[in-house]
Structure formats: C-alpha cells, structure tokens
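Protein chains in written order, with UniProt numbering: chain A, 1 to 99; chain B, 1 to 99; chain C, 1 to 99; chain D, 1 to 99; chain E, 1 to 99; chain F, 1 to 99; chain G, 1 to 99; chain H, 1 to 99; chain I, 1 to 99; chain J, 1 to 99.
Keep in mind that the hints were calculated from the coordinates and are not lab data. Glycine included, every Cβ here is placed at the ideal spot set by N, Cα and C. One or more of the hints may lead you astray.
Calculated from the model, a selection of chain D residues having no Cβ within reach of chain F, i.e. all distances over 12 Å [said to hold, decoys possible]:
hint, residue
1, Ala22
2, Arg37
3, Ile68
These stretches of chain B come out as covered by chain D in the derived footprint (C-beta under 8 Å, 3 or more residues) [unchecked claim]:
hint, region
4, 42 to 51
5, 59 to 68
There are 10 protein chains.
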Amino acid sequence: MMLFHVRMDVRLPHDLAPEARAEIVAREKAYSQELQRTGKWAHLWRIVGKHSNYSIFDVESNDELHTILSGLPLFPYMDIHVTPLATHPSYVAAADHER
Amino acid sequence: MMLFHVRMDVRLPHDLAPEARAEIVAREKAYSQELQRTGKWAHLWRIVGKHSNYSIFDVESNDELHTILSGLPLFPYMDIHVTPLATHPSYVAAADHER
Amino acid sequence: MMLFHVRMDVRLPHDLAPEARAEIVAREKAYSQELQRTGKWAHLWRIVGKHSNYSIFDVESNDELHTILSGLPLFPYMDIHVTPLATHPSYVAAADHER
Amino acid sequence: MMLFHVRMDVRLPHDLAPEARAEIVAREKAYSQELQRTGKWAHLWRIVGKHSNYSIFDVESNDELHTILSGLPLFPYMDIHVTPLATHPSYVAAADHER
Amino acid sequence: MMLFHVRMDVRLPHDLAPEARAEIVAREKAYSQELQRTGKWAHLWRIVGKHSNYSIFDVESNDELHTILSGLPLFPYMDIHVTPLATHPSYVAAADHER
Amino acid sequence: MMLFHVRMDVRLPHDLAPEARAEIVAREKAYSQELQRTGKWAHLWRIVGKHSNYSIFDVESNDELHTILSGLPLFPYMDIHVTPLATHPSYVAAADHER
Amino acid sequence: MMLFHVRMDVRLPHDLAPEARAEIVAREKAYSQELQRTGKWAHLWRIVGKHSNYSIFDVESNDELHTILSGLPLFPYMDIHVTPLATHPSYVAAADHER
Amino acid sequence: MMLFHVRMDVRLPHDLAPEARAEIVAREKAYSQELQRTGKWAHLWRIVGKHSNYSIFDVESNDELHTILSGLPLFPYMDIHVTPLATHPSYVAAADHER
Amino acid sequence: MMLFHVRMDVRLPHDLAPEARAEIVAREKAYSQELQRTGKWAHLWRIVGKHSNYSIFDVESNDELHTILSGLPLFPYMDIHVTPLATHPSYVAAADHER
Amino acid sequence: MMLFHVRMDVRLPHDLAPEARAEIVAREKAYSQELQRTGKWAHLWRIVGKHSNYSIFDVESNDELHTILSGLPLFPYMDIHVTPLATHPSYVAAADHER
C-alpha cells in the first residue's frame, strides 16, 4: 500500500439550488465515510477558513486513487492536487496503521 | 490539542562541509524523533523527489508550535508553511489519536 | 487564547439583486459586530481600494475559528486565508488585551 | 494618524558571523521596542514557522513610514510589503487606540 | 498631502447592455474629471493594450483614498491595487505640483 | 514624446564594500538628476518599505529609453519592468507638461 | 518607427452564438489584414495549441498602438500584453524591413 | 518526425446538458484514438485526480501539431500547453518507436 | 507497476570546477542508463532550450521512486516535480510496455 | 522549416571578472551573428530595460534548435523559454522569408 497527500478545494456554483446542494453534499459524505471505514481514505482534515480539505489516501496504485477521486460526487466542482508520499527516514511510528 | 499541517522544504547550501551536513542532519533526526515520541509531531511523510516533508503537529497553542519549529536544527535552511486544521464534518475516526 | 491573522476578499456576483445584497451585507455586519464585542474578532481593517479586510481573531482553538469563519453570512462569496500568529520576542505590549 | 499593514520576511545570509548576527538582532529589537513605546509600531506578531512578522504601524504620513522602515537595522536583509488600511464600516472599537 | 500609486483593471461583463455600459462609463468619466480638477487624482494614464490605468492620487489620508476609490462608478467591476509612495532622495522636482 | 511607466527594484549584494556602495549610489543619483533636469525622467517616487521606485519617462523612442535605462550605474543590480502608456480618454490635464 | 512585442490571448464565451462568433472573427481577420498591408502589424504568429498569437507592431507612438489594439473587434474578449522592443547590439539585419 | 510534450486541462461548463457532454466526450475519444493508431499521438496519460492529461505527440511540423490540437472536439474547453522535446544525450532507447 | 511523470531542472553552480562537473555528469549518465535498461526509467526527453528533462518512471511504489530519484548524482542540484499518472480511458496502446 | 519564439534572460554573476565578461559577450555576439546570416536566427530584439531578448528561430527540427541554443556561449547564464509557432490564418505575408 502507498500513501498520497491530496488537497481538495470545493467551488460550488452560487446558483446551485439549495436542495441540489444538500443532496450532493450528503452523497459526498456517505461516499467519503465508506472509504474511510475501509482504511483507503486514511485521514481527512478541514482547512480552517476554507471549503477545502487535506487528506491522506492509502491505496494500491495510481489507478485505484484516480478511480476513487474521480468518483467523488463533488468531483466536477473540485480542484484536486495529488502528491505522492514516501517513508521519511526519521519517522518512528513503525507500527502506525499507514504502513 | 489542535492539529496543524506543516510543509518543510530544506535547502542546504552546496558548500556545506560533509561532516557539518552529517552532524546537522543527525541532530535534526534526534530532535524530530523525540517530538514524535511525545505525540506532538503526529505524522511525518517524505515528498517523493524532494528534500521536503509534509507533517502534522498536535500542539496546545500557536506559541508552542512556533517554539518547536524555530528550534529545528535545520530551521535556518528551511522554508516552512503552516496551515491550521479543523475537524472535518465527514470525518469518522472519532477514536483516532489526533483529537 | 491564540491569535490568527485572517485576510478576507469578498467577491459578490454582479447579478445579485440589490435587496439581496443589502440584506446579506447587513447580516454580515451584525454577525461581525457581535463577535467584536465578545473580543473574539479583535481587529478589523479595510484594505484600501478593495472589498477586502485584514482581521485578527483571538480564539481558543482552530475548530472555534473555523466555526466562526464558516458561519459568516458572506462566507460563500469570500476567499479567506488564515495565518497562525505567535508572540514576537521583541513585542513590548505585555499588558495589551490580546494576550 | 493612519494605519498600515506591514509584512516583513527576514533572510539573513548563512555565512553571517554569529556575533555579527547577534549584534544586528539586538539593535533591531531595541529599535523596534523604542517605536512600539511611542505607539508608532502599534502591533507586532510573529508568523508561526517563519522568521517573519505581521505588523501594524500608526504614522502621520507615507514618508514617516518609509523613514521608519528603511531605518530598521535588518532592512538590507528583509522583504517588506506595505498595505494601507482604512476604517472598516463594521468596526466597533471606536475608542480603540488606533484611531 | 501624500501620494499613492494605483493600478485599476476594469473587467466589464460581456452581457452588460450597451446603454448600461455607456451610462456607467460616462459617470466614471465625470467622477474622474471632477477629482482631477481638485488635484486629488493627480495623474491618469492608460496602459497600452488594456482596459486599465496607472494613476497617482494626492490625498490627506488612507480613509480619504478608500472613500474616493470605493465611490468609483466602475468600482464593482475593477481590480484595484494601491501602493503608498514616499519622497525619493534623488527627486529634483521640489517645486513640482505634487508636493 | 511618449510616456513609459517603469518599476525599478534594486538588489545590491550584501558583500559590496561600503565605499563601493556609496560610490555607485552617488553616481546613480547624479545620473538620475541630470535626466530629471532634461525632462526625460519626468517623475520618480520611492515605494514605501522597499529599495524600489516607480518612475515615468518621457522619451522619443524605445531605443532612447533602453539607452537611458541600461546606462544606469545600478543597472546590473536592478530588476526593471517597463509599461508603455497612452493618453487616457478621461484625462483633463491637457496643459500638463507630459504631452 | 518603433517595434512592440504583443501577445494576445482570445477567450470567447462558450455561449456566443455561432453566427455572432463567425461574424466577429471575420471582422477581426479583415481588420488585421488591413493593418498588415500597411506594415504596422509587421508579424503575426499563432501559438501552437492555443487561441493566441505573438505579434510585432511597427508604429509611431504608444498612442497609435493603443488605438490599433483597442479597435480590434475581439478586444473585449482578449488579454493583451505589450512589451517595448529596442535594437539589439548583435542584430545584423540592418536592411530588414522592420526598421 | 519530432516529439512534443502537451498538457491538456479540460474545463467543461457545469451547465452543459448531459447528452451534449456525452456526445462531445465520445467524439473526443474517437478523434484521439484515430490519431493514436496513426502514431501521431504517441502517448496519453491521465493525471491522477484531474480531468487532465499529459500527452506526447510525434509530428512533422508545428503546423501539423496545431492543426491536430485545434481540431480536438474539446478544444474550446481546454487549456493546452505545448513544450518541444529534443533527444536527451543519456537516452538509450535508440530502437524505441518514438524516433 | 505504476507510471509517474517527472520533471527535472538542473541548476549547477557556476563555480563548479570543470572536472568536478564532468565527473558528476558522467556518473549521472551511467546511473540513468542503467535504470533505463531495467525499464524503470521508461522515457527521457530533453526540454528544448533548458538543462531540464521530462521523464516517465515505471516503478512498484512511491518508496521505490523516491529511492531512485534521491540517488541521482545530480539530486542536490535539481528541482524535481513528480505527478502520478493513471490509465487514460481513451488510451489504445493496450500492448504498450507501460502497463 | 519551422518557426519558434524564444525568450532569453541573461543573468551574469556580479563577480565575473570584466575581461571574462567581455570575452564571453564577444563570443556570444559572433555566434549569434553567424546564425543570423544563415537565416536560422530570423529575428532578434532587445527587451527595453532588461538584459533579455525575444528571438524568432527558423529551423528544421526541435533537435536542431536545442543544439543551437545549448551552444550559446551565455547558455549557462541564461533562462530560455521556447514556444512553437504555427501559421496564423489571418497572416498575409505569404511571400515573407519565414515560410
């Protein structure tokens, strides 16, 4: 398994109807929580002051990560930037669940 | 406790003597690992292809975080960027050690 | 308590109806002034020539700051950037209300 | 009197001798504290993770501000960016010392 | 009096009706020329190839400048950037009308 | 004659000897003042907080402007950016010396 | 005569009706070719992969250039950036038609 | 034949009707695959997390490349950036199909 | 196996002795060609006009890629940027060696 | 033959000895003029206020262009950016020597 750092910035159009907005946000939450329970979406943090998050994904391949990200209900409204991560030589958490 | 996302980019001068370089890198590693063992430096990942890392810090205040970062042996040779993190409404890991 | 530097840039759509615009700006003002009276929104300055402000917030946690900022009536129309602040070693205003 | 928002980023050369560095930093601190006591340097905050600060100056003119900033002992080693501030229509601190 | 360098970039929406456009541009011109006659809008130059200008304002305070700029009929359609100016030590035009 | 907006940012090396620095700055001042007296260097303002200026040049051709700028004693230590200016349709200062 | 380097990036709105689009592009072409035949629009190249061009203009003044550019039928849909050019000391094409 | 590195970022409008979107994407796929089969579109990779690709084209001239790119059904909705490539002195794949 | 797009920009110090430069460039070439022969460094192209390359790596994990890149003899003198790649839905080269 | 737009920005180190500087600039001039006489370096213009030029090259391939550019005596001191050019559909100079 491999780790990836992902930043997502959500830009919902102002003219989206409130019920459409609520529906897509609810689907996004369910989709995200299912992936968190499998361990593939390892961390999820809100960036203070923004409709954005930093996330850590733990997946088997680049293809699997793209399938997950492009399946996000909010994908058409997001800017996503992916950075591959490697083990840091000073990292002590050998028993940590990410690796 | 609060979480902060930190990116560190190291730019060591090319004319640093090899033994000075080895010494400062060893001190950096010891300093980092001591903070990881206390839980304050919660995560540490290498960015692939760069002398850089993404880290998550779990501290009590902005002042504590600045004291930690400015005490890094490599601090004079780093560009550091800090982003405050908040709990994400979709986050499921309630029992996770970060909060 | 901790201080945060916040920049807010407002981008209201040109086709917002004047009464809707007046209503949201009035709600923003009331929301801001209530937070200023509690001391949490410690400073608020207009940037000359822009529909933007620099602010200083004095809050207990990152989560509290995000709750305040995402509750702004103008939040959907703003770009917000947050920078955590620490005590400066040359600062003399020991008795200043921020700390 | 008028307020200005100032960001200062310090970039000391790595090959500056430790005593020269200590001397210039001490002169900078004395210079800054004298201006803070007169009220002209109204606020001074460290940016977490950086050798940088956000400051608020309260001066009578652009010329006075440039004279102050270009007299900083660290001026040759700083990037400085100045933004003029105006009274915000939602600001409640009428009795605040800045105006 | 103090000088400020101002850049204004106009971005009129393509779907603005021609008569609305002509009306707002005419009001902008009248507003600008009245300020030029008072001496507060000291210089005004078109940037070649752009719907933009560089201007020099000569005002008594930051607040006065913001009041002038935010009163521009085109203000909702402009990006404005303000830079405070000081006397240059090599400047010879002591009798120049700006100061 | 034509007007050009010029920004100059000076970056003197820290290891320049004080007497060499004083000599080059003195030559720069003499060069600048001579051009100001001919009217070719029409305006010169210091940018507050920086070793930079905004200038207006009034010359007969692009070639004349480049000859003037590349002859500046500080030219090897400057970043220079030139923007051609045209008459603004709202400009009232018909009798102004620039045109 | 003087040379200017100009980059034009065209951004036509997606909802422009096809016949309106064809009409404006045809007018742009006629306008451009008339100026090319006078020699004022000295060169015109398409940037590969973009609806953009690099051009060289050969005009008598900044004002003439702005009149030409702001008269382009596509002017409201373009980002234009102008750079003044001077004779290069290594240039051999003395007899070249540009000068 | 010559190689070019091309990045394409697709930005489809949110209000594009689903059937119009499906139709244009299908035409894009057919167009791309026909060019891949001729060998002119030598490589095509999806950028993880984005509606973007990196591609390598193998064409006879700049004109041929522009004709191919501007003929893409998605061309009006794309940002395209082209970089010309040369043979690398360390490249060993002499028999590789690109050259 | 997974593909990664890598850009490398080399910045050798001007004061590097010619023989040191020749030695490090020779080691870089040998290191690169050995990796190309294993198939891990799948493609390598020179960017025209720059001491830079675009490369495609075909590796088993992020850790393997970082080990390869940080072992480059020129690594201390390079800026490296890595982008993870996924299979494009329009890609026809099913038999291509990358997948 | 194909056309390429090239921007070159020269950054000579301040501590280059004057005779070394004069020698390299003389070699650059001879190299450039020889290429201009062959027609491969079709145009060369100085950017006003900068030690930079815009050039147009007329070559047979990307490889030929890289060989020319990397052979420039000033190549180690230059930032070079290359843009491929195509025939513009509005271009009238059919008999022009570039094509």
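To see whether the hints hold, each was checked on the structure:
No beta-carbon of chain F is positioned within 12 Å of the beta-carbon of Ala22 of chain D; the least distance is around 17 Å. A cut-off of 12 Å between C-beta atoms confirms that Arg37 of chain D is not in contact with chain F; the least separation is 21 Å. A cut-off of 12 Å between C-beta atoms contradicts the statement that Ile68 of chain D is not in contact with chain F; the least separation is 9 Å. For a cut-off of 8 Å, the count of residues in the region 42 to 51 of chain B with a CB near a CB of chain D stands at 0, and the three-residue condition is violated.
With 3 residues carrying a beta carbon less than 8 Å from a beta carbon of chain D, the region 59 to 68 of chain B meets the three-residue requirement, and the given coverage holds.
Figure legend: structure checked against the earlier numbered hints; hints not met, in rising order: 3, 4.
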